[in-house]
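When you get a sec, could you build the whole thing from the sequences and use the hints?
Quick note, the sequences are listed as chains A and B, same order. Counting in numbering that gives the first Met the number 0, the first sequence runs from 0 upward without gaps. Counting in numbering that gives the first Met the number 0, the second sequence runs from 0 upward without gaps.
Since the hints were made in silico from the structure, they are not lab data. Take the hints with a grain of salt, since some may be wrong.
[To be verified] For each label pair, taking beta carbons as the anchor points, the in silico distance ranges come out as:
#1 A:Asn-129 with B:Lys-36: 51 to 61 Å
#2 A:Glu-203 with B:Glu-3: 53 to 63 Å
#3 B:Met-58 with A:Asp-232: 27 to 37 Å
#4 B:Gly-71 with A:Gly-26: 52 to 62 Å
#5 B:Glu-3 with A:Arg-192: 52 to 62 Å
#6 A:Cys-255 with B:Asn-28: 48 to 58 Å
#7 B:Gly-71 with A:Lys-332: 47 to 57 Å
#8 B:Glu-33 with A:Gly-102: 42 to 52 Å
#9 A:Asp-160 with B:Tyr-65: 20 to 30 Å
Just so it is clear, CB atoms sit at the ideal spot from N, CA and C, and this is done for glycine as well.
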Amino acid sequence: MNRVILHCDMNNFYASVECALNPELKGKPIAVCGDAEERHGIVLAKNYIASGYGIKTAETVFSAKRKCPELVTVRPHFDIYMRYSRLAREIYTRYTPLIEPFGLDECWLDLTGRALNEGEGVALANEIKNTVKRELGLTLSIGVSFNKVFAKLGSDMKKPDAVTLIPQKDFLSVIGGLSASELIGIGGSTGARLNVYGIEIIAELASFSKNMLNQMFGKCGEQIWKYANGLDDSPVTLRDTEAIDKSAGNGITAPCDLENGDEVWKVMLELSEEVGHRLVLYGKRAAGVVIQIKDNALNVKQWQCQLECPTQSAYEIAKRAFRLFSESYSWDKPVRAVTVRAINLVYEGEPSQISMFSSDGEKENQRSEKIDKSLDDIRARFGSDIIKNAAVLENGKIPKEKTPSVLPGGIRK
Amino acid sequence: MKYEKIYVSVGLNVDTEGEIRPVAIRWRNGKIYEIDKIRQKTCAASLKVGGRGIRYTVMIEGKERYLFNEEGRWFVEGKAVSN
Ligand SMILES: [Mg+2]
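And the structure:
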């Protein structure tokens, strides 16, 4: 039996939640910003109206306001985004227990059995979309297809508030002309390499030699060839809070290259904020940190380290991530993309192996977690004193006068 | 017409199953309004004042109103007084 898979993607999630909370924002250009008052705060998310002014995620508020002086900036409310994310998943569970979250605002649903064919899948997708709109005041784009890759692709094709079917029969007539890099798993660098071989659209990738792709990209080459031919058979993997990610990561591609440590630190702090909040949501602590850095020639490097004490603290994670970066990155080229990932997650209650005597590290950690607990409070507490005392600033990378008084925020990919 | 979110105190009836039912609202000026009837109970977003919750469609003094239970706090969609 053919599978019926949905990919549900909440449109402009952070900005839409802000509008759902405050209807007066509707119809205005909105940007959710880490630190709206500071000119070096950055845009974490924006709505379609703001996008229309050319405003990009991760650009500074200063530059965004220059493009659109009437831009309304709002502070992020991560706790509320989490709540809406959970509420949306609760709605999905009315239709199927087989739900695989992908970030806060996206989920795959396997409706096989409940929907007997594509048409029924589309009808249920419309019902889900309308339920989420009525109950949460948020719009969804849903892709309906027979595998996860095409369901995801479908949800990207029409936005906002839309259902898109990629049918099994003759699917290339629907998607064959789309850029190959639209497929999940084909990032900018793979896409660029495919272009070198004359592969630009999905139809070209699908009809290319599997063996040659294998030689060019290894296992990944065969994988993307399968994707393009509708042969992805990966299951929708049930994940609940017990089995949730073994890691929590957050990454961003900057619209302009990051030229120095100050800029990288700012981004890492913001990225870590959402990582920290996901850890709180999962009830876990991170015992390690991975950073992935892509330079402006699209070379990707990755480093990881262990944490002395497992933590949920965004600030601790950011600090460790930045120290790792400072020790490892040679600055041959400016930085294009940064990912911070918390790994080796342990349950919040799990006793960690620490020495008999409470170390300074542990105390520091507890202090940071306390600081992170209250978001409303966070700005006052992340005042310049704490930041100036941070070890990270003592390595000399960041000039004192440029001490980043950044409010940590999260960033969407 | 502008609306604002008005949090109110609510009198609740709890049955033996633990099911709760609002029976009265205390307005800001202290006046108590009894809920004559609950027409509907559903999950919904408030398009007028924002937020979402369990929405009760209630009859108060012959008029139909929405009353939201937003994670334990209760609000109504009030008409904003222009000043
Ligand atoms: Mg989305």
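Hint check for B:Glu-3 and A:Glu-203 - Cβ pair distance inside 53 to 63 Å: Once the Cβ atoms are compared, 56 Å apart, the range 53 to 63 Å for B:Glu-3 and A:Glu-203 holds.
B:Gly-71 paired with A:Gly-26, Cβ distance criterion 52 to 62 Å: Hint violated: Cβ distance 31 Å, outside 52 to 62 Å.
Outcome for the supplied range 52 to 62 Å, where the beta carbon pair is B:Glu-3 and A:Arg-192: Given about 55 Å between the Cβ atoms, the range holds.
Satisfaction of the hinted span 20 to 30 Å by the C-beta atoms belonging to A:Asp-160 and B:Tyr-65: holds, 23 Å
Verdict for A:Cys-255, B:Asn-28 (Cβ pair) under range 48 to 58 Å: holds, 55 Å
Supplied distance hint 47 to 57 Å, evaluated on CB atoms of B:Gly-71 and A:Lys-332: Since B:Gly-71 and A:Lys-332 have Cβ atoms about 52 Å apart, the given range 47 to 57 Å holds.
Cβ separation of A:Asn-129 and B:Lys-36, checked against the hinted range 51 to 61 Å: violated, 27 Å
Hint check for A:Gly-102 and B:Glu-33 - Cβ pair distance inside 42 to 52 Å: holds, 46 Å
Whether the CB-CB distance between B:Met-58 and A:Asp-232 falls inside 27 to 37 Å: violated, 55 Å
Checked against the numbered hints above, the structure breaks hints 1, 3, 4 and satisfies the rest.
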